[in-house]
Amino acid sequence: MRGFKDKRLVFMECQISILGQIQKSHRVVGQVQRWSQRVIAGMYQVLKAIQL
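Residue 26 is where the sequence shown starts when you use this note's numbering, and the numbers rise one by one after that.
Worth flagging that the hints you see were computed from the coordinates, not collected in a lab.
It cannot be assumed that every hint is accurate.
[As the list claims (entries may be wrong)] Ranges between beta-carbon positions, derived for each pair:
#: 1; residue 1: D31; residue 2: R59; range: 50 to 58 angstroms
#: 2; residue 1: F36; residue 2: K73; range: 52 to 60 angstroms
#: 3; residue 1: L77; residue 2: V57; range: 43 to 51 angstroms
#: 4; residue 1: I43; residue 2: V71; range: 35 to 43 angstroms
#: 5; residue 1: K32; residue 2: Q70; range: 53 to 61 angstroms
[Said to hold, decoys possible] Simulated crosslink set (SDA-like; lysine to any residue; CA at most 25 angstroms straight-line):
#: 6; residue 1: K73; residue 2: Q62
#: 7; residue 1: K49; residue 2: C39
#: 8; residue 1: K32; residue 2: I47
#: 9; residue 1: K49; residue 2: K73
#: 10; residue 1: K32; residue 2: I43
#: 11; residue 1: K73; residue 2: R63
#: 12; residue 1: K32; residue 2: V54
We put the beta carbon where it would ideally sit given N, CA and C, even for glycine.
All chains, full assembly: derive it from the sequences and hints.
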């Protein structure tokens with residue numbers, strides 16, 4: 026009975042750590058999206074300058 030409880034605790038800890046990893050990766054994805062938007066905006070301005 027105690028071993029079963031321990032397994033459930035381990036499972037909960039695994040879930041919590043996985044959720045933490047997902048949150049971290051979401052933060053990274055947000056940074057990458059902002060950065061790529063900036064790059065795209067910069068390229069767009071360069072293209073406009075070339076066309077002018």
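(request) With 50 to 58 angstroms as the target window, see if D31 and R59 comply at their CB atoms. (result) 43 angstroms, violated
(request) With a cut-off of 25 angstroms on the C-alpha distance, tell me whether K32 and I47 pass. (result) Since the Cα atoms of K32 and I47 sit roughly 22 angstroms apart, the hinted pair holds (cutoff 25 angstroms).
(request) Sort out whether I43 lies within 25 angstroms of K32, counting only the CA atoms. (result) Status holds; Cα separation ~16 angstroms.
(request) May I ask you to test the hint 52 to 60 angstroms on the CB atoms belonging to F36 and K73? (result) Holds: the Cβ-Cβ distance is about 55 angstroms, inside 52 to 60 angstroms.
(request) Assess, step by step, whether the Cα of K32 is no farther than 25 angstroms from the Cα of V54, and give holds or violated. (result) 33 angstroms, violated
(message) Between the beta carbons of I43 and V71, is the distance compatible with 35 to 43 angstroms?
(response) Distance hint for I43, V71 holds at roughly 41 angstroms.
(message) Need the status of pair K49, C39: alpha-carbon distance at most 25 angstroms?
(response) Holds: K49 and C39 sit about 15 angstroms apart, inside 25 angstroms.
(message) Run the distance test for K73 versus Q62: straight-line Cα separation, threshold 25 angstroms.
(response) Holds, at about 16 angstroms.
(request) For L77 and V57, compare the CB-CB distance with the range 43 to 51 angstroms and indicate the outcome. (result) Since L77 and V57 have Cβ atoms about 30 angstroms apart, the given range 43 to 51 angstroms is violated.
(request) Would you check the hint for K73 and R63, treating anything up to 25 angstroms between C-alpha atoms as holding? (result) Since the Cα atoms of K73 and R63 sit roughly 15 angstroms apart, the hinted pair holds (cutoff 25 angstroms).
(request) For the pair supplied as a hint, K49 and K73, confirm whether the alpha-carbon distance does not exceed 25 angstroms. (result) 36 angstroms, violated
(message) The hint says 53 to 61 angstroms between K32 and Q70; measuring C-beta to C-beta, is that right?
(response) Once the Cβ atoms are compared, 57 angstroms apart, the range 53 to 61 angstroms for Q70 and K32 holds.
Hint violations for this structure: numbers 1, 3, 9 and 12, all remaining hints satisfied.
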